[in-house]
Amino acid sequence: DSGVTQTPKHLITATGQRVTLRCSPRSGDLSVYWYQQSLDQGLQFLIQYYNGEERAKGNILERFSAQQFPDLHSELNLSSLELGDSALYFCASSAVRGGTGNTIYFGEGSWLTVV
Amino acid sequence: AQSVTQLDSQVPVFEEAPVELRCNYSSSVSVYLFWYVQYPNQGLQLLLKYLSGSTLVKGINGFEAEFNKSQTSFHLRKPSVHISDTAEYFCAVSKNQGAQKLVFGQGTRLTINP
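Top line first, the protein sequences correspond to chains G and D. Residue numbers for the first sequence follow the working numbering, beginning at 89 and rising by one. Residue numbers for the second sequence follow the working numbering, beginning at 159 and rising by one.
Do not take every clue at face value.
Once the Cα atoms are required to be at most 27 Å apart in a straight line, the calculated DSSO-like pairs of lysine-lysine come out as [stated by the list, open to error]:
| id | chain 1 | residue 1 | chain 2 | residue 2 |
| --- | --- | --- | --- | --- |
| 1 | D | 253 | G | 145 |
| 2 | D | 227 | D | 216 |
| 3 | D | 227 | D | 253 |
| 4 | G | 145 | G | 97 |
| 5 | D | 227 | D | 207 |
| 6 | D | 207 | G | 145 |
These are computed hints drawn from the structure, not numbers from a lab.
Working from the sequences, and respecting the hints, build out all of it.
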């Protein structure tokens with residue numbers, strides 16, 4: 089158990105809908121990361137937050153957004169869903185902002201299926 | 159920008175045989191290197207990481223990896239595998255400055271045959 093908690097574990101929704109994925113980082117970790125794992129794109133970095141502020145952005149679509157709340161939990165919002173958004177979405181956390189090779193711990197992921 | 163290439167998408171080996179999973183990276187700056195393992199229906203777990211110092215890094219579950227700067231490689235090895243090592247293995251790289259996003263390879267599926 090990494091200590092990173094993600095909900096829901098599985099989600100099935102229709103095209104055009106909007107969903108919210110939730111992540112609770114390890115106790116004390118200030119950085120939260122979101123990654124997408126799909127068959128065609130592999131594991132891709134989406135976005136990082138550090139202590140409530142956006143720190144880095146990767147291949148995140150404009151239809152997707154995220155935020156980190158004062159209690160450090162994070163939510164990833166996916167809207168206008170398309171079939172191609174079906175993927176495993178990982179949340180990860182680390183203790184510090186970065187730049188030190190600090191270990192990033194991953195949750196078990198949220199499986200999103202868009203039908 | 160960094161990139162990671164895992165040269166084998168699938169590696170089948172017999173139980174108790176040695177295994178090497180290959181990883182090459184490219185980067186214009188110094189990097190940190192990682193191997194993660196993903197067991198079926200689970201999240202990613204860190205096996206080992208190279209930050210600096212000794213180029214031979216030992217990780218959990220008997221795995222080790224060697225950083226070779228001249229060949230830009232970070233191959234993962236285990237002298238004797240077990241059925242329980244069946245999983246997907248990901249090599250990843252991050253820059254040693256600034257935001258610590260990980261760039262992953264496409265993964266190597268290790269299958270252990272009895």
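Consistency of the hints with the structure:
no.	hint	result
1	D:253 - G:145	14 Å, holds
2	D:227 - D:216	17 Å, holds
3	D:227 - D:253	15 Å, holds
4	G:145 - G:97	24 Å, holds
5	D:227 - D:207	15 Å, holds
6	D:207 - G:145	23 Å, holds
Hint violations for this structure: none, all hints satisfied.
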